[in-house]
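Q: This is what each chain is made of:
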Amino acid sequence: MSLVADTSVPASPSTWAGQLAESLRGVFLHRRWITFLVIGVVWQVTAMIANIGLFPTPATVIAVSWQYVITGLFFSELGISMIRIILGFSAALLLGTIVGILMGSWRFWDEFFQDFVILGLSMPALIYALLCVMVFGLGLTAPVMAIILGAYPFVAVNIREGVKSIDKELLDMSHVYAVDRWRLVRQLILPSLLPFILAAIRVGFTVAWKISVLTEVFGGDSGIGYQIRVDFASFKMRGVLAWGILFGMVMLTIEYGLLLPAERHFARWRAKVKEVI
Amino acid sequence: MEGTAISIRNLVKSYGDPGRELLVLDRISFDVAISSLVTIVGPSGSGKSTLLNVLAGLEAFKSGSVEIYSNNSSSKLGYVFQSPRLLPWLNIEDNLMFVRPEHVDKALHKERTQRYLKMVGLKNVGHKYPHQLSGGMQQRVGIARGLCVEPTVLLMDEPFSHLDEITAEQMRAELLRIWQETKRTIIFITHDMQEAVQLGDRLIMLDYHGHIFEDIKIDLPRPRDFTERAFVDFYADVVRRFHQMQARRTEEIGESEIGVTN
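As they're listed, the protein sequences go chains A and B.
The numbering of the first sequence is the working numbering, which starts it at 790 and goes up by one.
The numbering of the second sequence is the working numbering, which starts it at 40 and goes up by one.
Some hints could be false.
Claimed, not checked - Derived pair list, reagent style DSS-like, types lysine-lysine, alpha-carbon separation capped at 27 angstroms:
1) A/K957 - B/K101
2) B/K115 - A/K957
3) B/K101 - B/K145
4) A/K957 - B/K256
5) B/K222 - B/K115
6) B/K115 - B/K101
7) B/K145 - B/K222
8) B/K256 - B/K115
9) B/K162 - B/K149
Hints in this document: simulated from the structure, not taken from any laboratory.
Just so it is clear, the structure is predicted and the values come from calculations on it, not from any experiment.
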């Protein structure tokens, strides 16, 4: 029985803070930065050679981004967009989870929602954005509703797959041993669903961001999307690019600061499996 | 009934729609005495696993009755499956805590899990995860899980069939030791007749129709030695009866084919 691994091998950190530190270390010490650097240099050189004034250099764009950050414009607009996204996405997560559980558990509901979800997945986000602006006008309701409509199908399909993937043999085992419902949910159902819930959050949140920005472009008087429109209206390309870069920074921060450490935290037992293999 | 752990009467189970049903268990009746080890053998498709699933309440049956005589302090059933069926994200100790019966408090159940883990030869593995253990060790955990609820009847569904023969042989010896130590009532399903004769003190043979073909008392002395004359003779007798059952099946198929052509 020497197949068993020696568990004295340094394990991956078990605390959340440890996972966060490891995740950040992975970001800053990663060779993918070379890719960014190469793109930056090529961009800079091209812009300098072309020198048509319209196409800004990365240095200019970064300067503009920095300007938005230190004047506080970025944070105030980010805050406004974030409130809409969090409200809309929370509702989408709830709705998507309910629909996903129904679809995964009963064939009737699977067939009932199937077409809605397929349409929902393939519908251009622009349509939700425009419709909601037309129906609800300016204000909080339009972006929140657009996010719910656009993001819930992505949550639903993931949760549906999660429910379907729950191991029937383990359910049978729990049934034989008369494991009570609460323990079953907490120790069998939720851990089975967790990777799918995280995937749903990751995809759904990204979609929510995009829809929020779109809605603000067409029907906002504030938020990041609105600022992009302002820069677009004055044909300020460096401004639009600056928002693009800031937007990317926010997404990466969420990914590496929140989602990845969460994923690793909940999959600690898998890390131990890896040690054996 | 005094001295009886489980009593099965006229159990009938079928699949499919009424009128076109396939009979899987046909009027199965037997009692299992407390502390006995009954092995059930049968060809593939004879309904052995279905029988166990019906006893475990995992599948409904059409008619008949199943009565398990448990007192209030014990669980009715433990079940050791073909595969270990452990929750991969829980360590071994938590896997055993997962099946804690409601009437048993945490401290007592924890004490039992440690006792039975020790009994199956696994001491310092409580903090390990299932994937860190070999297949044989995982199956031992499965057995400890079946025992730690202190069931009236422990059901075992070909628990050693996925293991290599050397490990399986070792596990059989350990199962016998544990059985003699705990005096648990065990119903053990297998397709391996030698295993059935080696382990059981009674052997029930199912035929292709889910009907009891033979119900044989095995009063060979323990420990049983494959090379001893008595064992070899007994085993040969069981195999002979099994062949009789198969011969009958062949006749039936022949007849029904003639019936079709006529």
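Q: Does each hint fit the structure? Answer for all of them.
A: Going through the hints against the structure:
no. : hint            : result
1   : A/K957 - B/K101 : holds (23 angstroms)
2   : B/K115 - A/K957 : holds (22 angstroms)
3   : B/K101 - B/K145 : violated (38 angstroms)
4   : A/K957 - B/K256 : violated (36 angstroms)
5   : B/K222 - B/K115 : holds (15 angstroms)
6   : B/K115 - B/K101 : holds (22 angstroms)
7   : B/K145 - B/K222 : holds (24 angstroms)
8   : B/K256 - B/K115 : holds (25 angstroms)
9   : B/K162 - B/K149 : holds (13 angstroms)
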